[in-house]
Amino acid sequence: MTTLEPQMQNLERTGMPVLEVKNLTKRFGGLVAVNDISFNVLNHEILAVIGPNGAGKSTLFKLIAGAETPTTGTVLLEGQPLTGKPQHVVARLGVVRTFQETTIFKEMTALEHVMIAHHLQSKAGNWGIFAGSPRAKSDEIDFRSSASQILGFLGLGALQSEAARSLPHGHLRALGIAMALAAKPKVLLLDEPFAGMNPDETDRAVQMVRGIRDLGITVVLVEHDMRAVMRLSDRIVAVSFGKKIAEGSPLEIQNDERVIEAYLGKEDDELGV
Amino acid sequence: MKSSSLKIGLALFLVLVIVPLVFRSSSYSMTVLINAAILGFMSLGVWLTFSIGRINISQGAFGLIGGYITAILASRFGVPFWLCILASGVGAALLGALIGLPILRLRGVYFSMLTLSLTEATRLVALTATGVTGGASGILNIPTPFQGENSYLELYLFAAVLLILGTLAVWRITNTRLGRVFRALQQDEALASSFGVNVSAYRVLAFSLCCGFGGVGGSMLTMFVQSIYPTSFTVTDSTNFMLYCFLGGLGSVFGPALGALVLFLGFQLLAPLGAYQTLAYAAIMILAMLVLPNGLLSLRLPKRTHALEKANVS
Ligand SMILES: Nc1ncnc2c1ncn2[C@@H]1O[C@H](COP(=O)(O)OP(=O)(O)O)[C@@H](O)[C@H]1O
Ligand SMILES: [Mg+2]
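Those protein sequences? They're chains A and B, same order as listed. The letter at position 222 of the first sequence is residue 221 when you use numbering that gives the first Met the number 0, and the numbering goes up by one with no holes. The letter at position 219 of the second sequence is residue 218 when you use numbering that gives the first Met the number 0, and the numbering goes up by one with no holes.
None of these hints come from the bench; they were simulated from the model. Every value quoted in this text rests on a predicted model; they were computed, and no experiment measured them. The C-beta atom is built at its ideal place from N, Cα and C for all residues, glycine as well. Accuracy of the hints is not assured; some may be wrong.
Footprint (simulated), chain B over chain A, 3 or more residues, beta carbon under 8 Å [to be verified]: (1) 77-90; (2) 94-103; (3) 128-139; (4) 172-181.
No more than 25 Å apart at the CA atoms, straight line, and that leaves these computed lysine to any residue pairs for SDA-like [to be verified]: (5) A:84 to B:197; (6) B:6 to B:171; (7) A:122 to B:291; (8) A:185 to A:66; (9) A:122 to A:134; (10) A:136 to B:89; (11) A:105 to B:189; (12) A:136 to A:91; (13) B:6 to B:21; (14) A:183 to A:147; (15) A:183 to A:234; (16) A:84 to B:105; (17) A:183 to A:141; (18) A:136 to B:170; (19) A:84 to A:99; (20) A:122 to B:289; (21) A:183 to A:41; (22) A:21 to A:242; (23) A:136 to B:200; (24) A:105 to A:92; (25) A:105 to B:106; (26) A:105 to B:179; (27) A:105 to B:289; (28) A:122 to B:200; (29) A:136 to B:275; (30) A:136 to B:178; (31) A:183 to B:177; (32) A:84 to B:96; (33) A:105 to B:291; (34) A:183 to B:182; (35) A:84 to B:97; (36) A:21 to A:41; (37) A:105 to B:296; (38) A:105 to B:175; (39) A:183 to A:107; (40) A:21 to A:37.
Bound-form chain B, shown alone (with noise of 0.2 Å):
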């Protein structure tokens, strides 16, 4: 406990102090840890409907929704930023909500198409309502309170402490009953109905928190480079939440912190690269999924591993 709890302090203490204190100077690299922060706090909400046991590739939808929320509540109402992202994080919700009670019933592959589907939708909805979103030229100059020589410093430090409550309240759902109801969806869906789970609510429960999480995601990044297009997130991106959770590790609440973090970095330091950066990346995505199938996290979990392994055997 007590050593846990040190851990857990030495932790914020880099991350809030440390990391800033260090990087603060180069806005390059504070724009790389302010995207990872955002990206992680997104890919939470993929790891959660992951629990539910379905591969959700529209995370990058959310993120648009969220951010077009915030774009025109704050430019065209003049609506405080902290107003904008409850706004944009309960209206993604919301939404998700409503088309997730219909499209839960897939599985499988078959959600995850659809779920890709939806991103590109949504890219198309945002390009052609252009009385709302304006549409290819999007909206620019959106007001935020994040100005001045020490906006980077609050940005990061807002994302920092956003995705740390966010793991804290996935954590927390995961370590009760309800993580252990979806997990029990993951796994048999007629079986937990059988005993009396509504299993569409919990279902759509889990997404909706999912689409939360990216519309709160999508709002700061909005808030964070001011502007919004119908391209600020795409299929590649929604496709890239589910690789963070995937490399950082399902088997963990950290895994898409960490995930977002390593890729992210991970394809900026590729840069020099030039034209060969993204070939690159994948090359080296491939060969930490044949190395890592279970993510980066497993590195560190081995004693635990055997020791659950003796038990089953015994």
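If we strip away everything but chain A, and leave its shape as in the complex, we get (with noise of 0.2 Å):
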């Protein structure tokens, strides 16, 4: 399988905005947790969403994935509404996120969660998959090689065959986006991929997002760490109580009133000035 063969001819970031996020709004009762956020993600960059606590970043995520219904406002994929459809159609159709906790399910080894979740990559259907057609068993073989070159990638590789729930949480947050490249996004949202880490965690993790990058699939990533994320994106948007605040580049951001402000009470050194 080609999954993780770089698509060098592509990296050059156009002007074409990939993801179109136009005018969301989500209330949940009186609370309105995304307030009338639009922003355009670039083809094959690394765009980073920051605000304090509660700022709406997730359900901003949730909307864009298709786990939440916005209230008004839409997403487009390549020109291609995504509003309305559900969670595995938005995959289907290349945005994939990762969580903000950690999920696992019980029992699998780290293999097993990759190869289950090349789901989308199914040649068989399910009758297929049940009388074990010759298109299940190339699935399988083909699930099981792609599912070891993504571990591979993301440095899990000598651990494929541990159960996940025995992994350290630094490698767990890695077999998230394991699970998230094995549906092959055009576009992937972190939330909060270095949450919980060390340094030299976040280091790694920080090449890790990189390589992604230069696989040729856009990086939307929420994160609180601040220095990764300067170091890491091309763009930054602020949001804080639901309302985007400013966009720009990393010195852009780092210099603008309303962002620190937002930020006001915090240590200085969580926006890496």
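Each of the two chains sits in its own frame; use the hints to bring them together as a complex.
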């Protein structure tokens, strides 16, 4: 399988937006978790969404990935509307998210996690799988080798046959990303991929995210670790209380007064200044 | 490989040759065996809904539905018995898909309570729709091909083969990617849908298969007793299917058959206690659950469990 061959010819960051978020709003009763947020994600860029806790970042990701339905607004992938489509359809179209909380299937090994995440690549139907058709068998072989390739790419190669629940936290975060990669996304949404990691683990994870972008995948991430965000992102969108307050390069964001204000009361170095 | 096919061969020989040879002359024993086989078959479906993380207390409803389909087709339209069984299975499965689509959004105790009410609601429909079901007086004298002196033996063999084929089918599902998807749903539906699994379609698939097992089982039991009433399957039966799975063991596809055999037989053996039969049965159930929380089949799996735990520790 060619899952992991870098698509160098496409790596030029084109001016074309691959994902367009237009006036997204989500109300939970009286609370406006996401308030009229719009931004574009360009092909092959790494875009970070930052903001204080409770700003609405995870909700924004859920709206884009189809896990929640927006109250108003639309999301377009390469010009096609995603809004209103359920999460598994959005995933098939090419937008896949990871979770802020670490989620795994107990009793499955790391390899089994990534194999089952190849679900969308299945050529055999349910009946073929039950009857053991040749397609089902070749699927199984393809999934296994692709899964093992993805785990190797993310530095989990040696842990393939470990039960996932016995993996340390940093590796579990990577396993979540491995599962998302198995769905062959065009746009990968990472919700706090570095949460709970020590500086060493974060360094490795930053390299990993760059490697994913170099595969030709557009990456949007929510992150609290400002140092990592400033190093990694091409552009940043800052949100506070559900509203977009700034958008720009890391340097522009660092010096943006509204952003600094939103983070007031926090340590200066949270912004990496 | 060789030793396991030998074991399977011996088990089949025991179930299909030895058991009928030993018990064929006792109609009481044959009745118990036929019931246990059919109830085990119906429990297989409930076991499948366990595998997607839903405790299903509606199998009695689909037994009733399958039973009425067979009773009506056979007694009013003279449809041959094998077509009746097929129609009962397919009818129950389709109805299950229709009902499952909305109710499978619920989980935990909410889903269970709803399925329990479904059993009761089905009984009430059967009681009220007198034009179709005959109401409280039921449908009697249902014609079946199982007549004459060998009828018990034929029915037993039929039910046993059905149970074996059903167990094989569920074993197959469990050991392919389908089973892995089901277990993924059991643990985290949001995660499964994030990589593209159509969660609601797979939930409905599992539940609908379950209802199909219920319909076929209901059809078989109806042909066995040649009658059906609104009370042929009640909430107690729905609960029992669930208990058969629990006591047999949720970790193995052989759990439902074993649980049904042991519990149904056990209940019959307690008959001499008269009024205290149900009480004793309940007490033994509670004890069994306390001593063997993972079911009877956990008794023969200690080696494998240890190996697993070791692998997880290292
Ligand atoms: N399902 C929900 N129902 C009600 N309120 C919610 C729900 N999900 C999130 N919220 C609220 O929306 C706000 C934004 O949450 P979230 O998107 O998780 O923030 P962030 O990821 O930026 O920390 C919070 O106040 C949170 O309590
Ligand atoms: Mg969040």
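Given the proposed pairing of residue 183 of chain A with residue 234 of chain A, does the C-alpha separation stay at or below 25 Å? Satisfied, since the Cα-Cα distance of roughly 23 Å is no more than 25 Å.
Hey, residue 136 of chain A versus residue 170 of chain B, does the alpha-carbon distance stay inside 25 Å? holds, 18 Å
Mind checking the alpha carbons of residue 183 of chain A and residue 147 of chain A for me, to see if they're no more than 25 Å apart? holds, 15 Å
Decide if the proposed pair is consistent with the structure: residue 183 of chain A and residue 41 of chain A, CA atoms, cutoff 25 Å inclusive. holds, 18 Å
Compare the distance between the alpha carbons of residue 122 of chain A and residue 134 of chain A with 25 Å, and conclude whether the hinted pair is satisfied. At roughly 6 Å apart (the allowed maximum being 25 Å), residue 134 of chain A and residue 122 of chain A satisfy the hint.
Can you confirm whether chain B covers the stretch 128-139 of chain A, using C-beta to C-beta distances below 8 Å and requiring at least three such residues? This one holds; 6 residues, not fewer than the three required, reach chain B with a Cβ under 8 Å.
Keeping to a limit of 25 Å between CA atoms, is the pair of residue 6 of chain B and residue 171 of chain B held or broken? holds, 18 Å
Hinted pair, alpha-carbon criterion (25 Å max): residue 21 of chain A, residue 242 of chain A. Please report holds or violated. Holds. Residue 21 of chain A to residue 242 of chain A sits at ~13 Å (cutoff 25 Å).
Is the Cα-Cα distance between residue 183 of chain A and residue 107 of chain A 25 Å or less? holds, 21 Å
Starting from residue 105 of chain A, check that the Cα of residue 175 of chain B is at most 25 Å away, please. Between residue 105 of chain A and residue 175 of chain B the Cα gap is close to 18 Å, so the pair holds against 25 Å.
Regarding the pair residue 105 of chain A and residue 289 of chain B, is the alpha-carbon distance no greater than 25 Å? Roughly 24 Å separates the two Cα atoms, so the pair holds.
Apply the coverage criterion to the stretch 172-181 of chain A and chain B: a residue qualifies when its Cβ sits closer than 8 Å to a Cβ of the chain, and three qualifying residues are needed. This one holds; 3 residues, not fewer than the three required, reach chain B with a Cβ under 8 Å.
Violation of the numbered hints given earlier is confined to hints 7, 10, 20, 24, 29; the remaining hints are satisfied by the structure.
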